[in-house]
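Participant: Each chain, written out:
There are 2 protein chains.
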Amino acid sequence: MNPTASPDYIAIDWGTSRRRAYRVDAAGRILARIEDDCGARSVAAGGYPAVLAGLRDALGPLPVIAAGMVGSQLGWQSTPYLSAPVTLAALAGAATRVTAEDCTLTPGVSLDAAEGCDVMRGEEIQALGAAAAGLVPPDALVCQPGTHSKWITLADGRIATFRSVMTGELFALLRGDGSLAMLLDGPVAVGVAFRDGVSAGAAARSLGAALFGTRAAVLLGRLPVGNAAAYASGVLIGAEIAGELGDAAGTVYIIADDRLGALYAEAIGLLGGAAVRVDSHTAFVAGIHALQASL
Amino acid sequence: MNPTASPDYIAIDWGTSRRRAYRVDAAGRILARIEDDCGARSVAAGGYPAVLAGLRDALGPLPVIAAGMVGSQLGWQSTPYLSAPVTLAALAGAATRVTAEDCTLTPGVSLDAAEGCDVMRGEEIQALGAAAAGLVPPDALVCQPGTHSKWITLADGRIATFRSVMTGELFALLRGDGSLAMLLDGPVAVGVAFRDGVSAGAAARSLGAALFGTRAAVLLGRLPVGNAAAYASGVLIGAEIAGELGDAAGTVYIIADDRLGALYAEAIGLLGGAAVRVDSHTAFVAGIHALQASL
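For the record, the sequence lines run as chains U and W.
Here the first sequence stands for residues 1 to 295, where the numbers follow the numbering used here.
Here the second sequence stands for residues 1001 to 1295, where the numbers follow the numbering used here.
Keep in mind the hints are simulated off the structure, nothing from the lab.
None of the values given here were measured: they were computed from a predicted structure.
Some hints could be false.
Stated by the list, open to error - One-sided and incomplete, this derived list gives chain W residues near chain U with beta-carbon spacing under 7 Å:
#1 R1018
#2 R1041
#3 S1042
#4 E1169
#5 L1207
#6 V1225
#7 T1282
Stated by the list, open to error - Now the stretches of chain W that chain U is said to cover, found in silico as 3 or more residues with beta-carbon under 8 Å:
#8 1157-1165
#9 1183-1196
#10 1212-1221
All residues carry an ideal CB built from backbone N, CA and C; glycine is no exception.
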C-alpha cells in the first residue's frame, strides 16, 4: 500500500454530503487537496475500497486517516463514540483500523449528560486541531455552523462539552416544503434582511413564532419576498446564537467555510459577541496530524 | 337562495386542509354539522359555487357565513385583514359579500407591531365566540394549537394581541424528510416520552438544539425509537408553551380538538400553567352567531 515509503499520508474529512481529502507530509503541511460531493451518503455499502483506490490514484498510494460520518451507521463502519471530555490522544487510542485497506477511522464523540444527549463525528478533529495549532486558545468557545451546527467548549485544550443545533437542516426543510417554501427562493447573504432576521430570531419567544413572522411580514408588505430567505436564515441563526451565547457574550471562534463563516460572524457581532474566524482546512489537518502522532 | 324563508343559516370554519360546516338556527343552536377534508387548498379556483351548492344540498338552501382561509389568497376571495385590537362587530363591518352566492366571507386579523408581524384567519371567530358565549373570561389567554398555533390575548372581550407559532408545521416537515424522519414514525400521545420532550423543549437553549437531542438520545440508547415521535412532539410543544407562558404562568384556555387539546393541556400543566379546555365547535358557532347579528 505504501510502496514509495513516503512518510506522507492522506487525511479525509468525510461528512454526510461532502468529502475533503488532503495529502499531508511528515511536517503536517498540505501538499494537495480534493473537495467533492463524494459524501458518506453517496457511497454504497461495500463501495469504500474502490472509492479509496480512486482517491489514492489522485493523491498517492498512502495510508489513510478518515474522520466524520464515514465512521457512522450510514458510512463504512460504525466506530464507537468516546464520551466527552476528550483529547486527540484519546481519539487516536480508540481509532478503528481497517487493515486490509491501510485505513484508520477515528471515533465520534458523545455527551450523555443530565442536560441532554449529543453526538458528533468530524467536528471534534477541527476543534481540537485548531487548539493544537494555536489557532484558538486552549479555553475557548468554538462554533462550527452547518446542517447540524456544533458549539464546542474547549477547556485545557480538551473538548469539555458541546451542543448540536440543527439550524441548517431546519432551513433546508423549510425551503423544501410547507407554507414558507414559496417565499424562500431568494439569496441568503449578509444585509439588512439577514440582520433583521437575526434580531428577530434572538428576541423571539420561540423559534416557531419568529419563523411564522417571516410569512406574516411578507403578507403585510413589510418584507419583500426576495429578502425572505435572508430574513428566515437570520431568524434561525439568530435563535441559535442567542441560545448559545446567553447573557455571557464573549469571543466565539468560528470554523467554517467563507459563506457560513461570514453569516455567523455578522450575527455574533450583532448579538454582542466577538467573532474570530479560523480556517477549517488548516484546523482539520492540524487535528489529524496531531492525532496520527499518537496512533 | 332561501326559498324556505327559514331563519337558519350555514356557518363554515373553512381552513386550509379542513372544513367544518354547521346549520345554525335563529337561537344559535347547531342543528347539523359536517366535517371533511374539503379545505381551501383542495378547492380549485372557480370551484366554490359548485362546492357551496353541494353543501347546501346537505345542510339546506340557506345563507352562508364563512371564516378562515377561504378568504385568503389561496381560497375563494382575498378579504382584508383588520388590525388588532378587533371585535366581532368590527369583523362583521369589514366582511365581504359574495351576493351572487348569498355568502359572506369574514376578514382576517393582522398585527403589525414593532415586536413583529402576524396574521390569522378563522381562529379569531373561535376566540371571540368563546368570550361572547362566556366560555372564557373577557380577559384571557387563549391557545388554539395546530399547524400554526395561535396564542390570543383577550382584553375586554376583544382580541388585543396574538402570536402564531408554526409548531404543527415544523413537526410535519421533520416527519416528512431529513435526519429525524426515520425516527418519527411512532405515535404521539400523552406519556413519559411526551412529558420528557416537553421539559427538554422548555428548558433548551434553542429549539434546534432540543430537536437534535432527539436523534442523539436514540443513537445513545436513551430513547426507544418508538417513543421518538412523542418526545419530539413534546419538544416542539414545550418550546412553544414555555415561550408563550414565560415566567407568568397563569390560566390558558385551550380551544382545540380532543387529541391536540389533551397534549397541550398536559404540557401546560407540566410547565406550571392551568389549562381549561373549551369546545371548538361551540366557540366557533357562538362567534359566527354574534357576528351575523351585526351584519
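Participant: Of the numbered hints stated previously, which ones are contradicted by the structure, given in increasing order?
Facilitator: The structure breaks hints 1, 2, 3, 6, 7, 9; every other hint is satisfied.
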